[in-house]
Each structure stands twice: as C-alpha cells, then as structure tokens.
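Enquirer: Given next are the chains, with one letter for each unit.
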Amino acid sequence: MTTNSVNYIEPTTEELSEGVRLRRKKRAINFAIDVFLIVVSILMLLPLVFLVANAFKTPAEMLSWPPTIIPRDPTIANFSAVLGETPLLRWIANSIAFAVMSTIAIVATSAIAGYIFGKFRFRTMNILFALFLATAIVPFEVYMIPLYFQAKSLGILNSVWGLLLGYLVMSFGIFLIRQNVIHSIPDELLEAARIDGAGEFWIFLHIVLPLLRGALGALAVLAFFQAWTAFAWPMIVATTRTSYTIEVGLALFQTGFTVDLGRLSAASATVLIPSILLFVILRRNFVQGVASTGLKE
Amino acid sequence: MLKRKRWIFAILAILPTLAVFAYVRLYPIADTLRLSLFKWDILSKNKPFVGLANFRELMGDHLFIDALVNTTIIAFGVLILTIPMALIIAALIFHRTRSRMAGFYETAIFIPHVVSLVPAAMAWKWIFDARLGPLNALLTFFGIPAQSWLFDPVLSVICIIVLCSWQALGYAVLIYIVGFKNLPVSLYEAAKLDGASGPQSFWYLSIPMLKPITLYVSVVTLVSGFNVYAQAFVLASDAQGAPGRQVRVLVLDMLENSFRNYRVGYAASEAVVLLVIVLGLTLIQFSTLRERGKA
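If you read the protein sequences in the order shown, they are chains D and V. Sequential numbering of the first sequence, starting at 1, is according to our numbering. Sequential numbering of the second sequence, starting at 1, is according to our numbering.
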C-alpha cells in the first residue's frame with residue numbers, strides 16, 4: 001500500500017481549482033454538443049413524425065396551426081378510406097414478395113461468387129472479378145430500358161418475376177463477401193478439411209457459410225431495403241394496378257383526382273412504420289453493411 | 001489431380017451466377033451502347049444505324065439540356081448542402097461516442113436514409129404545400145410572403161435538393177464516423193500537448209486526413225444525385241398528375257423518350273451520357289486517390 005504513494009505529489013489548491021475549472025468547461029462543451037445533436041436528431045425525424053400524426057387527424061385538424069404532433073381527436077377514417085380505395089395490402093404483399101426473393105437471390109449468388117473469388121484466385125477468376133467490379137459503377141438507370149425489353153420478351157412484365165429480373169445480383173454484395181472470405185476464412189482450415197477427405201461443396205456448406213453468417217446477414221438487410229425502396233424499375237415493369245409495388249402504388253395514388261392529404265398520409269404511414277421498425281431491429285446489420293461500403297480496401 | 005478437381009468445382013459453382021450476371025447486367029449494358037448508335041423507334045420497322053447522330057441531336061434538344069442542367073444543379077446542390085453538415089455532425093457524434101446518446105443520434109440521423117422514398121417524399125410534400133404546409137405558415141408568421149414552393153420551377157428544384165440532402169445526410173455521417181474511428185489517436189494527443197484546441201485539431205488534422213473519405217462520399221452523393229428520379233416525381237407532380245409540372249431530370253427525360261415517344265435508341269444515347277458522367281466522376285476519384293498514394 002505504501003508503494004502507491006511514492007510518486008504521488010499532493011496537488012496545490014491552485015492546481016486543484018484549475019482542474020475543476022477545466023472539467024467544468026469540458027462538461028459545458030459536452031452539454032452544448034448534446035443539445036445541438038438532439039435538436040438535429042429531432043429535426044431529422046420531424047417530417048416523419050408529422051406524417052404519421054397527420055394520418056390520424058381529421059381534415060379540420062390537419063389545417064390547424066401550429067400543427068399538432070399528438071392528434072387531439074385521433075381517427076382511423078383515413079386508413080379505412082385508403083384500404084377501400086386502393087389495393088394497398090396487395091401492393092405491400094407484392095413488395096414483400098419481391099424484396100424477399102431478391103434478398104434470397106442476392107445472398108445466394110454473392111455467397112458462392114464471393115467465396116470462389118476470395119479463395120480460388122486463378123487468372124481467369126481475377127479477370128471475371130474485375131468484370132463484376134467494373135459494372136458496379138454503372139447505375140441501374142443506365143441499362144434498365146434494354147432490361148425492360150428482355151423482361152418483355154420473357155413475358156414477365158407485370159409480375160413479381162419481372163421485378164426480380166432487375167434485382168438478381170449485386171456486384172457490391174459479391175465484393176463484400178469476397179472481402180469477408182479473405183479476412184475471416186484461413187486457407188489452413190480449408191486445407192485441413194480437404195486432407196480429411198471433405199468434398200469442395202461440403203466445405204462450402206459446412207465450413208464457409210457458417211463463418212460468413214454475420215456478413216451475409218448484413219448483406220441480406222441491405223438487399224431487402226434496396227428492393228423495398230426501388231422505384232424506377234418497378235415503375236416501368238409493373239404497370240397494372242394489381243402488380244404495383246407499394247412505392248409505385250403510393251406515387252401514382254397521390255396523382256389521383258380525389259386524394260386528400262389525410263388519406264395520403266395514412267397510406268404513407270402504413271408503409272413507413274413497419275420499415276422503420278424493421279430498421280431499428282436490424283440496425284446493427286445495416287450499419288455494418290453500409291459501413292463496409294468502399295472503406296475496406 | 002487435386003488442383004484440377006478444385007478448378008472444376010470453382011468453374012461449376014460460379015457458372016450459374018455468371019450466367020445470371022451476363023444476362024441481367026452485361027447484356028443490357030452492351031445493348032444500351034449498341035442502341036445508342038441506332039435510330040431504333042418502336043413504331044417504325046426500319047431501325048437504321050445512325051452512328052453518333054443521336055448524340056448530335058441531344059446537343060440541340062432543349063428538353064434534354066433542361067434535364068441535364070436541372071440534374072446537375074440538384075446533384076451539386078445536395079453535395080454542397082450535405083458534406084459540410086455531415087462532417088460537423090459526425091465530428092460531434094464521434095466526440096460524444098462514449099455517451100449513452102450516441103446510438104440515438106446515429107439512428108435518428110440515419111433513418112431518413114433507409115425509409116421508403118415515396119412516403120418520405122410525401123412528408124416533405126406536405127411541408128412544402130402552398131396552402132396547407134407548415135413551411136408557408138412559418139414564413140407568414142415572420143411576415144415573409146408565402147411561396148408556391150412546388151409550382152415555381154426554381155423553388156421546386158430547391159425543394160428537391162432539400163429532400164435529397166435530408167436523405168443523403170445520414171449515409172454521409174455514418175461513413176464519416178467510421179472515418180473518424182480509423183484516425184490515429186496519437187496524433188490528436190500530440191496536438192493537444194502542443195496546445196491545439198478541439199476546433200483547431202478538427203480543422204488542421206481531421207479535415208485533411210479525412211480527404212479520401214470526403215472524396216468518396218462526394219462521388220457517391222453526386223452519382224446518386226445524377227440518378228435522381230423518384231424524389232422529383234413525387235414532389236413535383238401535382239395532385240392531378242400533370243406531367244408538365246414535373247421538374248425535368250435526366251431519368252425522367254430518358255423514360256419519356258422511350259415509353260412516351262417510343263424512341264428507344266435516342267433514350268439509350270441519353271443513358272450513355274449519364275454513364276459517361278458517372279464514369280468521369282469515378283475516374284476523378286480514383287486518380288486523386290492514386291496521386292495521394294504516390295505523394
């Protein structure tokens with residue numbers, strides 16, 4: 001115990017008050033930063049909060065100033081009106097089917113291709129990988145018109161298959177999985193399995209896939225949200241009322257003649273609330289996926 | 001022997017993905033390039049090769065020029081609005097990273113980036129609404145005359161920029177926070193010992209060291225700005241869906257040319273212009289990064 005005090009010099013009262021002043025200053029700065037960030041956070045969320053609030057308001061309350069955040073007289077009339085006027089649930093079902101199928105396709109293709117590109121680096125493979133990477137730069141909007149004609153000739157317009165055609169592979173997904181394969185799957189592990197007589201496919205299924213679980217989860221979340229929020233492609237592929245995705249349905253619903261703000265807000269809120277909940281639940285996967293965009297090199 | 005077996009596995013495993021990739025990516029990209037050189041109209045039987053005539057025609061097409069100008073203004077507007085804000089907010093969140101609130105800040109600022117585009121745009125449409133919107137109510141409260149935000153061509157471009165920036169901010173903040181986490185702590189400690197204040201080390205250390213990230217975020221923001229479509233569609237199409245009211249952007253012009261005017265070859269040449277812009281931006285990013293690597 002005595003050794004503790006060997007190098008310990010008692011601070012003078014002057015030094016002590018200096019320390020207190022510094023600490024106080026630091027606390028004041030942190031407080032100011034917190035206030036600023038809370039204001040920014042609230043401002044960012046405010047449009048969405050108002051949208052959800054408006055969905056439950058009567059037409060009269062919607063016009064009142066200042067706008068209320070908690071409706072004085074909440075009503076679900078807007079929701080029932082929307083459900084009566086539009087196949088909203090059908091649109092949501094279309095979107096879910098499209099997003100789930102796209103997620104499965106992207107996760108499967110990325111897992112296999114990412115593993116092959118990460119561990120089988122022959123010259124041919126490197127050239128193929130460069131090709132995948134190069135097309136990642138090309139925005140979807142650039143080639144969606146020829147793709148539309150392909151969907152047309154396949155006879156899959158106005159169906160979930162047509163939607164899916166545009167979202168089957170994701171160059172970034174392949175890149176993401178490849179990076180993860182390189183970082184987290186040691187060659188020794190694969191070699192040991194091979195010496196034990198395991199087949200290549202068995203190795204992929206029982207050793208590689210479990211090790212990639214985190215990365216594949218992050219990719220799945222990214223892929224799901226990418227399809228869920230798609231707009232231009234669904235807009236040109238799905239042109240019949242029953243084949244719309246929720247995004248297209250909503251966008252075209254707002255251009256109707258008799259639509260009022262309450263109903264629009266109700267329809268929008270129906271889409272927003274589940275996707276915000278889903279995001280909050282899957283936040284960690286999402287952030288992991290986004291954060292690895294372009295930064296891991 | 002073993003090596004050959006592995007080779008066969010690799011080829012067989014990658015083949016399905018490769019086939020899909022060729023069909024939904026490579027072929028349509030190549031087709032875009034091919035179509036741009038043809039007068040390829042849906043309605044006419046004759047689809048002759050015209051070389052660069054489509055591009056020459058684009059240069060004199062005032063609707064296309066309008067779209068190009070609007071899109072460029074939107075893309076750079078979002079960039080100018082987003083980057084400085086994102087940098088400051090990310091620095092502050094990073095500063096408070098150990099507080100319990102950090103997760104809340106990150107989530108709140110990131111949510112606009114992930115929510116579905118159309119409903120989010122609906123929220124802003126209400127805010128900008130000329131008669132019912134809170135923005136005009138606020139303006140009149142301060143004695144500023146109400147504006148018809150979504151009907152005036154200049155103001156509606158500004159509205160689109162605000163909406164897009166609101167969505168882009170969360171992504172930029174997130175990437176900057178990752179950037180801050182990768183900066184060497186020792187450098188900041190040295191600066192602190194030399195008497196540098198927080199804002200000073202932010203200005204003289206963080207900003208220069210985060211340059212590659214700023215470049216990356218800028219290119220991503222610009223590229224998505226040049227692809228803007230849904231935001232313009234939702235904000236600027238009025239209640240009756242009159243197409244004349246829409247703010248003309250590149251993707252809209254492309255879609256109108258192919259699906260309304262049936263001029264697919266012409267639309268493809270617009271797509272090529274878009275591609276050249278995006279490639280140009282990416283090349284600038286790569287070459288700047290490489291120069292930095294050499295220095």
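To be clear, the hints were calculated from the coordinates, so they are not data collected in a lab. Predicted model, so just to flag it, every value in this text is computed and none were measured. Treat the hints with caution; some may be incorrect.
Only some residues are given here: those of chain D computed to face chain V with a beta carbon under 7 Å [stated by the list, open to error]:
{"#": "1", "residue": "Ser41"}
{"#": "2", "residue": "Leu43"}
{"#": "3", "residue": "Pro47"}
{"#": "4", "residue": "Phe56"}
{"#": "5", "residue": "Ser64"}
{"#": "6", "residue": "Trp65"}
{"#": "7", "residue": "Thr68"}
{"#": "8", "residue": "Ala136"}
{"#": "9", "residue": "Pro146"}
{"#": "10", "residue": "Phe231"}
{"#": "11", "residue": "Leu264"}
Label pairs and their in silico Cβ distance ranges [said to hold, decoys possible]:
{"#": "12", "chain 1": "V", "residue 1": "Phe141", "chain 2": "D", "residue 2": "Leu133", "range": "17 to 25 Å"}
{"#": "13", "chain 1": "D", "residue 1": "Ala28", "chain 2": "V", "residue 2": "Asp66", "range": "49 to 57 Å"}
{"#": "14", "chain 1": "D", "residue 1": "Ala81", "chain 2": "V", "residue 2": "Gly143", "range": "33 to 41 Å"}
Calculated pairs, EDC-like style, for lysine to aspartate or glutamate (alpha carbon to alpha carbon, straight line, at most 16 Å) [to be verified]:
{"#": "15", "chain 1": "V", "residue 1": "Lys3", "chain 2": "D", "residue 2": "Asp187"}
{"#": "16", "chain 1": "D", "residue 1": "Lys152", "chain 2": "V", "residue 2": "Glu57"}
{"#": "17", "chain 1": "D", "residue 1": "Lys119", "chain 2": "D", "residue 2": "Glu191"}
{"#": "18", "chain 1": "V", "residue 1": "Lys3", "chain 2": "D", "residue 2": "Glu200"}
{"#": "19", "chain 1": "V", "residue 1": "Lys47", "chain 2": "V", "residue 2": "Asp31"}
{"#": "20", "chain 1": "V", "residue 1": "Lys39", "chain 2": "V", "residue 2": "Glu57"}
{"#": "21", "chain 1": "V", "residue 1": "Lys3", "chain 2": "D", "residue 2": "Glu191"}
{"#": "22", "chain 1": "V", "residue 1": "Lys5", "chain 2": "D", "residue 2": "Glu200"}
{"#": "23", "chain 1": "D", "residue 1": "Lys119", "chain 2": "D", "residue 2": "Glu188"}
{"#": "24", "chain 1": "D", "residue 1": "Lys119", "chain 2": "D", "residue 2": "Asp187"}
{"#": "25", "chain 1": "V", "residue 1": "Lys5", "chain 2": "D", "residue 2": "Glu191"}
{"#": "26", "chain 1": "D", "residue 1": "Lys119", "chain 2": "D", "residue 2": "Glu200"}
Even glycine gets a Cβ: it sits at the ideal position worked out from N, Cα and C.
Enquirer: Run through the hints listed earlier and report the numbers of any the structure violates, in increasing order.
Expert: Structure breaks hints 2, 4, 5, 7, 8, 12 and 16.
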